[in-house]
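Q: Given next are the chains, with one letter for each unit.
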Amino acid sequence: MMSDSSYGQLVKLDNKHGVVDVPRPDVSQAVLKDALSARPFDAAVTAFVLACLPRSKAPVLWVQDRASRLENGRVYGPALKGMRLLRVEVSHARDVLWAMEEGAGCAGLAAVVGEVHGAPPVLDFTATKRLAMRAEASGIPVWLIRSGTVEGLSAARERWRIGSLASEVHPYNPAAPGAPMWEAELFRARGRSPGIWEVSHDVGKNGGENRLRFLPRSGDGPLEEDHGRAAHAAG
Amino acid sequence: MDRWRRITAAQRTLPDEAVPVVLATQGTHGPVVHAVSAAGVARGIACGARVVDVQAIHPDLHVEQADIEGDQALLGRVALWARRWCPWTVAEHDGILMDVRGAAHLFGGEAQMLRDMHARFAMQGLRARLALGPTRGAAQMLARFGAQGVICGADDVAEVLAPLPVAALRLPHDTLRLLERLGLRTVGALADVPRVGLMRRFAGTVEAANPLLLLDRALGRSADPLDAPAEGARWLAPVRMAEPVVDPVPWLEGLAEDLAAQLAQAEQGARLLRVTIYRVDGEWRSRDVATARASRDALHFVRLVTGKLDGIDPGFGFDLMTLEALRVEPLVLHQDRLDGTHDAGADVAALLDRLTAKLGPQRVTWDAWVQSHKPERVEARVPVLAGAVEGTVEVARERPLRLFDPAEEVVVLYAVPEGPPARFSWRRVTFLMVRFEGPERIAPEWWRDRSGTRLRDYYKVEVMEGRRFWLFRGGIVGDARGGDPRWFLQGVFG
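Chains as they are written, first to last, in our numbering: chain A, 25 to 259; chain B, 749 to 1242.
No lab work stands behind these hints, which were simulated from the structure alone. All values derive from a computational prediction rather than experimental measurement. Think of the CB as a built atom: it goes at the ideal place given N, C-alpha and C, for glycine as much as any other residue. Please note that a few of the clues may not be correct.
What the hints assert, rightly or not - Straight-line Cα separation of at most 30 Å, DSS-like style, residue types lysine-lysine; simulated pairs:
1) K153/A with K81/A
2) K1122/B with K105/A
3) K153/A with K1056/B
4) K1122/B with K81/A
5) K81/A with K105/A
What the hints assert, rightly or not - Example chain A residues on the side facing chain B (calculated, C-beta under 10 Å, incomplete):
6) D66
7) V99
8) G132
9) R185
10) S188
11) R237
12) P240
Start from the sequences and build out the full structure, keeping to the hints where you can.
A: Here you go:
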C-alpha cells in the first residue's frame, strides 16, 4: 500500500496476528529495543511501544520499578483496549532485569516490556547484552522503556527516542487536541539506517486498519528512497 | 463453649464468671440456645430453649452467636488428633467416637487411658466428657448422661444403662414425647416392655427414630460398626545426612525427584510446597512456595525452592531436610498437540510461579475491573496465583495511558473563568495550555464515598510542544464543601 504523502509511507499493521514493527526491519523482530523519552512526563513512549506490540491473546509481561512508577505513573488498564497485562511491580532495577530475563525465556508471552527510571549501575552493557541475547534466542520482542537521564552503553539492537508533537486537528472541535502525533528518532540500530520520523497512529476500529504512519522529517534524502523501496516490497 | 471462650479471650474481655453465657443459633421461631456456660447450667438454663424466654427469666444473660461450622471443623481435626490413642476415630455432630479395642493396654489399662485422655484434652484447653462402653451406643449414652469417666463392661451394660433417661438414646422429639406419654421414662423401663408390643408400635418408623433398634445396638444385640474416615495422604520426601551440613542446595535435586516420583505414582500434582530443615540445635526452619497450576516437575521444584533458601538460616548445620507437598491436585498426563511443540500455557504458569516465589504474591498481578465511576477505582489487582480474571472494562470516554494514584496537585499560575488554567506549574515545571477538551464531570459516588467528597471536572489539556495531560478540578465554587476548588493532575495521554 502506498502512502498518501509524496514521500512518506504507510505501514500496514496486522490486526490479528503476527509481529508488528515499523518501519519493517530486515533482521528478526524479536530483539531487545530501547525506547527513551525525549522529555520528562511524556507518555508518548508508552503509546509508541504499545502500538508496536503484537496483537495477540497472550499476555504481555509489564515490569516496572518503583522510581518509574513514581515518576511516570502506572499504565492505566482501561486505556489498553483489551490487551492482557501481567504486571510485576518491584522496587529495584535489579529485579526488573531479573523478571525481564525470566519473561524473555517464556514462549507463552506476547512481549516483555520493562520500565526503568534513570541509570542504575546494574543496568550496564553486560546486563542489556544478556537480555538481548535471551530475546533473540526465544523469539519474543522485548522493550526497555527508560526515562530520566539515560547514560552509558546499551546492547539494544534498536534505540528509539520518542517525544510528543502537537496533536492533529480535531475533526469537530478546533479548540480540542486531536489524534496524537509523535516524533520518533531511531538513533542507533543494527542492520538499518537511523532516522527521524513523525509518527501518527490510526487505531483500527470496527474493521478499520490499525496502522502507524511514518513521515520522514525534512532533510532525510537517502532514507526516503530506502523506505519507498521497502514499502513497495511490502506491497 | 470452650472454643468460644478461647477465641474471644484473645480479642476482648470475657464477661464475669458469674454471668451466664449462652451461644445462640437460629431456630424456627427466633434464636435458640445452643450451648450454655457453667454458670448458666447452675441456674438451670437448658439447651434448645428460646433465647427470649431465657432472657426474660435471667435479665443479665450474655448472648453470643454460635459458630457451628467452626465447631465441626475443630471436631474433625480433634478426631484426627485423637488417633494418638487408637486407629479408628470418627467425629460426630457433637462428639468423637473412638474404637479403643485392643489399644487400652498400651496406655496401662482402660482407667489409665481415660485419665490420660482427660489430661491431654485439658492441655488443649478443652473439657471432655469421657465414657467407655462395650458398644458405640452405650458409650454415647454414658458420655452424655452418665458420670464422668465411667467404664462399663460388656456384662453389666444393661444395669448401667437402666437408670438413664430415654433421651439418652438420642431419639427425635416426637418419639420422646410419645414414650413419655406411655410412661417410659428410663432406658430400664423401655427394656422391660415386651419386644412384640414395641415392635408393633414402631414398625413404620425410620431406623434413627426406632427406640427398639437403638436399644438393641446399645446393648450389643445387633452390630453397629464404626466407619472411620481415611487419613489424608502425606507427600513427603526426607533426606538424612550423615553429619551436619550448611548448604542445602546439593540435596534439593534428589528430594525433588523423590517427591515428583511419589506424586507421579498417585497421579497428583503439587500446588503448595514446603521445604523444612531440622537443625542440629533442635530448631527447624521452613519455607513455603505455591504454584500456579499443579505440577510434578522435579526441575521446576528445584528452581522454585532455590530462590527461597537464601532466607533460611542453617545455624550450625542441619542433619535432616524434607520437601513436602502440602496441597495437591489430581494431575493426569496429557498431550495438547500432536506436532510435539511446547505448550505455551504451561510455560506461562511456570513463569508465574517463579516470579511469585521470588518477588512475593502481591507484586505479580493480573488486572481486575471494578464497577466504579472514579478512574483510580476502576482497576483492582489480583495476585496471579488466585487465577486469571475474565472480561474487559467498558469506558465510554477516552482515558489516559498513564495514571497517577493519588492525583498530584498543580499550582495554578493564570486562571481563566471557564476551562482549565491557562498556565500551571506541576513538579516545578511551568506549562502553557494550548488546547483543551472538556469538561467531563464525574460526580462522587454517594453510596461509597464519604459525605463532603467533591465532584470532579476532567479536562484533557494539551500544552505547548505537545504533551497531553488529564487535569481535574476538585469541586466547584460555592458547593459548600470546602474552600476554593483546587486543580489536580491525574494522568498523561499518549
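Q: If a hint holds in the structure, say so; if it does not, say that too.
A: Quick rundown of the hints versus the structure:
no.: 1; hint: K153/A with K81/A; in the structure: holds, 29 Å
no.: 2; hint: K1122/B with K105/A; in the structure: holds, 18 Å
no.: 3; hint: K153/A with K1056/B; in the structure: holds, 27 Å
no.: 4; hint: K1122/B with K81/A; in the structure: holds, 28 Å
no.: 5; hint: K81/A with K105/A; in the structure: holds, 12 Å
no.: 6; hint: D66; in the structure: holds, 6 Å
no.: 7; hint: V99; in the structure: holds, 6 Å
no.: 8; hint: G132; in the structure: holds, 3 Å
no.: 9; hint: R185; in the structure: violated, 15 Å
no.: 10; hint: S188; in the structure: holds, 4 Å
no.: 11; hint: R237; in the structure: violated, 15 Å
no.: 12; hint: P240; in the structure: violated, 19 Å
Of the numbered hints stated above, those contradicted by the structure are hints 9, 11, 12, listed in ascending order.
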